[in-house]
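Colleague: Given the sequences, and given the hints that come with them, work out the whole structure.
Going down the list, the sequences are from chains A and B. For the first sequence, the numbering used here assigns the number 1 to the initial residue and increments by one for each residue that follows. For the second sequence, the numbering used here assigns the number 1 to the initial residue and increments by one for each residue that follows.
No false leads were mixed into what you were given.
No more than 20 Å apart at the CA atoms, straight line, and that leaves these computed lysine to aspartate or glutamate pairs for EDC-like:
| no. | chain 1 | residue 1 | chain 2 | residue 2 |
| --- | --- | --- | --- | --- |
| 1 | A | K10 | A | E297 |
| 2 | A | K221 | A | E202 |
| 3 | A | K10 | B | E107 |
| 4 | B | K156 | B | E100 |
| 5 | A | K10 | B | E100 |
| 6 | B | K174 | B | D99 |
Bear in mind the hints are in silico, worked out from the structure with no lab data behind them.
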Amino acid sequence: MNTLAWVGRKVGGALVVLWLVASAIFIAIRLIPGDPAEAIMGGPGSQASAQALAAARAEYALDQPVITQYLLYLGKLATFDFGTSYSLKQPVTQVMGEVLPNTLWLSLMALAAAWLLALCFSALAMRAGRIGSQVGNLLEIIAAAVPHFWLGAVLIMLFSSALGWLPAVDNGTGHGLVLPILTLALPLAGFLTQLMRDSLSEAMGSQFALAARARGESRLKLFWRHGLRHAALPALSLTGWAFSSLLSGAVVVEAIFARPGLGRSLLSAVLARDIPMVTGIALFSALVYIVVMAISEGIERMINPAGESR
Amino acid sequence: MSRTAKICCLLVIGLWLLMALAPSVLAPGDPLAINPTQAFAKPGLAHFFGTDESGRDIYTRVIHGAGDSLAIGLAATALGMGLAIVLGTIAALSPRWLDEIILRILEALYAIPSLLMALLIIAFTGPGVGPAIVAVGLSTAPGYARLVRSQIRSLKNSEMLEAATVLGRGTWRKSRNHLIPNALKPLLALVTLGIGQAVIWAAALSFLGLGTPPPAPEWGAMLSAGRTYLHLAWWMSLFPGLAIVAVAVSATLIGRALGGKVKSL
Chain A
1 MNTLAWVGRK VGGALVVLWL VASAIFIAIR LIPGDPAEAI MGGPGSQASA
51 QALAAARAEY ALDQPVITQY LLYLGKLATF DFGTSYSLKQ PVTQVMGEVL
101 PNTLWLSLMA LAAAWLLALC FSALAMRAGR IGSQVGNLLE IIAAAVPHFW
151 LGAVLIMLFS SALGWLPAVD NGTGHGLVLP ILTLALPLAG FLTQLMRDSL
201 SEAMGSQFAL AARARGESRL KLFWRHGLRH AALPALSLTG WAFSSLLSGA
251 VVVEAIFARP GLGRSLLSAV LARDIPMVTG IALFSALVYI VVMAISEGIE
301 RMINPAGESR
Chain B
1 MSRTAKICCL LVIGLWLLMA LAPSVLAPGD PLAINPTQAF AKPGLAHFFG
51 TDESGRDIYT RVIHGAGDSL AIGLAATALG MGLAIVLGTI AALSPRWLDE
101 IILRILEALY AIPSLLMALL IIAFTGPGVG PAIVAVGLST APGYARLVRS
151 QIRSLKNSEM LEAATVLGRG TWRKSRNHLI PNALKPLLAL VTLGIGQAVI
201 WAAALSFLGL GTPPPAPEWG AMLSAGRTYL HLAWWMSLFP GLAIVAVAVS
251 ATLIGRALGG KVKSL
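Modeller: As structure tokens, this is what we get:
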């Protein structure tokens with residue numbers, strides 16, 4: 001398959017997925033018993049004013065037939081108009097634009113840190129003896145199993161309360177980013193190391209590794225030049241998934257470390273049952289997932305030309 | 001699986017079951033009993049894991065919390081798996097166009113990270129234990145469904161199925177007797193891992209204030225309460241979290257042991 005056709009296929013697939021997510025949300029709003037205008041404004045408990053309800057009815061064209069409502073809704077989403085967040089009284093896109101850089105930056109740093117840690121762990125695991133690798137194996141399992149919301153608390157207790165090295169809440173110096181990044185990165189690093197370990201030991205035991213050793217290459221060079229290339233592939237193909245899982249991690253981490261961001265906005269929107277805001281963030285994260293998946297698949301195609309025929 | 005591994009797995013499962021079904025054997029106290037004079041007591045002989053802001057014993061609460069946390073995890077996994085079996089089986093057995101549609105829907109569901117999907121569902125239903133179970137169950141279903149589908153598709157062309165077709169068995173009977181049981185066996189390891197994950201997701205929702213409300217002795221809710229006193233009383237956050245990690249790690253280890261067994265079959 002040539003590159004242009006591949007890109008076309010990806011874009012088409014992405015549009016279908018986004019359309020399905022949007023439709024599911026549209027149906028869900030109508031499935032809630034009672035007035036859909038009230039559902040959009042936060043459910044019966046929100047006690048929205050008659051004026052606000054009328055505004056919502058007008059904005060979502062609720063007096064029109066359902067099919068018209070649906071088409072209008074899709075048309076608005078297609079132009080990135082997610083409506084107005086009623087709890088913040090601001091356009092959803094504006095709120096998202098304000099907090100997005102924080103979350104994006106946090107997630108990218110966490111992804112980079114996770115890869116760095118995973119590489120170090122794999123290099124260490126390669127050198128470790130039998131007992132060492134058993135211990136490493138268990139540590140990876142624990143790292144991958146630790147929930148973000150607890151790890152964040154433990155890191156704060158350790159580095160902020162007990163040792164006083166790092167602030168729990170960002171004070172603008174950048175030190176405040178270290179604990180949130182570690183909280184997101186450690187479980188991911190454990191997961192990536194687990195993935196890389198099998199293919200790494202396979203690569204290091206292969207004929208070409210033996211040949212390279214016979215040529216006199218050091219184990220470290222062998223690890224960098226040959227082992228890593230093999231080991232990174234399965235981990236790389238999951239990086240897209242990992243990135244989107246960082247987005248859900250961000251919900252928890254931003255809550256613990258009191259950082260403004262997409263995750264925290266989503267949580268307060270869910271608590272307020274602010275449907276336009278929730279819809280916007282959900283669709284956006286689906287879009288991010290699809291784009292990142294496509295990118296990681298593209299990188300995989302570059303690293304591994306054999307995969308092109310797939 | 002070696003004999004020792006089998007015994008270890010059974011012991012671990014037995015311990016969790018004991019905690020969930022008969023917590024009073026291990027912790028005879030009342031998990032809800034408050035005692036303000038004993039508030040924020042450090043871990044010691046009187047209170048193994050210390051006490052919280054109302055003087056409730058954390059050890060008792062962690063033990064009694066096992067029931068709720070595990071039940072929510074099990075219920076959510078059962079819901080997710082049940083849905084996955086229905087969707088996966090339909091997709092695998094139906095004509096190409098329907099299979100394609102179901103696959104697209106699963107892909108769309110898969111595109112939203114589990115916790116975000118759970119939050120999305122709770123935005124519509126409002127918070128609570130029931131919604132948390134539904135949210136976690138639904139958000140895990142797409143992943144399972146894709147696996148069930150590929151399992152059944154690979155079984156569809158097996159000789160066993162051919163024999164059943166020759167004998168004139170109907171689709172329903174073939175699915176019930178051959179396809180579903182054989183497709184599920186390899187999934188057993190995955191379900192074990194999934195229960196660990198579901199316990200974590202459910203605790204995450206409680207931690208965010210969207211699942212089990214306080215003062216119920218649920219691990220996530222306990223962590224949520226402990227967050228306020230992080231600098232003052234580390235034990236309030238440490239021990240419930242350790243319990244969650246212990247469940248997740250034992251689920252992973254048992255799942256791996258089962259995975260090895262399935263492979264050797």
